[in-house]
Every structure is written in C-alpha cells, then in structure tokens.
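Peer 1: Sequence:
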Amino acid sequence: MGRVMIRVAIADAHAIMRAGIRNVLEAAGDIEVVGEASDGDGTQHLVRTESPAVLTLGLVMQGVSGTDLIREIRRAGQLPRIVVVTRHSKASVASQCFAAGASGFVVKTSPAHELLAAVRKVASGGVYVNLAASDEPMLDAAAESGLPHG
1 MGRVMIRVAI ADAHAIMRAG IRNVLEAAGD IEVVGEASDG DGTQHLVRTE SPAVLTLGLV
61 MQGVSGTDLI REIRRAGQLP RIVVVTRHSK ASVASQCFAA GASGFVVKTS PAHELLAAVR
121 KVASGGVYVN LAASDEPMLD AAAESGLPHG
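Position one of the sequence shown corresponds to residue 1 (the working numbering), numbered consecutively onward.
These are calculated hints, taken from the structure and not from any lab test.
Check the hints yourself; a few may be wrong.
Using 20 Å as the maximum straight-line C-alpha spacing, the simulated DMTMM-like pairs for lysine to aspartate or glutamate come out as follows [said to hold, decoys possible]:
{"id": "1", "residue 1": "121", "residue 2": "26"}
{"id": "2", "residue 1": "121", "residue 2": "39"}
{"id": "3", "residue 1": "90", "residue 2": "72"}
Between beta-carbon pairs, the in silico distance windows are [to be verified]:
{"id": "4", "residue 1": "29", "residue 2": "95", "range": "27 to 37 Å"}
{"id": "5", "residue 1": "76", "residue 2": "111", "range": "24 to 34 Å"}
{"id": "6", "residue 1": "29", "residue 2": "92", "range": "33 to 43 Å"}
{"id": "7", "residue 1": "5", "residue 2": "90", "range": "15 to 25 Å"}
{"id": "8", "residue 1": "42", "residue 2": "77", "range": "13 to 23 Å"}
{"id": "9", "residue 1": "3", "residue 2": "68", "range": "12 to 22 Å"}
{"id": "10", "residue 1": "48", "residue 2": "5", "range": "14 to 24 Å"}
{"id": "11", "residue 1": "74", "residue 2": "39", "range": "12 to 22 Å"}
{"id": "12", "residue 1": "92", "residue 2": "30", "range": "24 to 34 Å"}
Glycine residues also receive a C-beta, built at the ideal position from the N, C-alpha and C atoms.
Sequences and hints are given; from them, build the entire structure.
Peer 2: The structure is reproduced here in structure tokens:
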C-alpha cells in the first residue's frame, strides 16, 4: 500500500453534510480525512494544525462568509487548495469563489463522484468546476422569485 493519501479537511456548518462528505471521501481509498470544522475559527484552526492538501468548504457558516474565509486562508499563506461544496449553482457564485482563491466548485446536488473528482483534480494542482445540478431550473426559478435556496 505505497499509495499517497490525499489529506482532506471538511468544513461545513451542518453535521449531516460533514458526515456525508466524510463517508464519500473515506470510501474512495486514496483520501484521508484529517478533521472537520463547523465555523470559520474552527476551519482556520484545522487548516493551521492539520495542514490538509485540500479543504472542502461549505459557503454558509455562522459569523463569516465563505468567500471571506477563502480570502483569509489564502492571506495567511495556508496550504490547502479549496473545493467549495455549496447548494448554489449560479456561475456568478462560482466566479466569486474562484476570485477569492478557491480551486474547485461542486454543487451539493451533484453525484458523489463529482466531489471525488474535484478533490483529486485540485490536489494535483488543477481546477474543477461543476455547476450542473439536477434541480438547477428549480434553483434558478427560486432565485428569480427572490426565494431563498434550499
């Protein structure tokens, strides 16, 4: 088993989302989950102490915006390449994340293999974007009507 494991940290406000992401990543065989965080301070501490190669990041956390958190991690010169995992499927949201310093963007409605592909791609220095979502028309309709996304 001389395989090099990709060290990944998971940051999401929701415990069920973190558990789901952890299960998908750990089942892959080439990914080691080194920790989880549920807020901005916890995420920064996790990144400092565990030095993950990749951080999966939910955009909605108490007390901090996801794009601000991406900028703070980048400004601190911290290592991880960031894969945003969000319910938002709009290109404008992805653009904001990439402008802040993210390397990957996956919509939460995507199949699990999209998350694995994103983690592997950004870990190897690439960029990954997945805006396709099975309920994208519904999300777009909700956005146009001013309703919050689910």
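Peer 1: What are the numbers of the hints the structure violates, in ascending order?
Peer 2: Hint check: 2, 3, 7, 9 fail, others pass.
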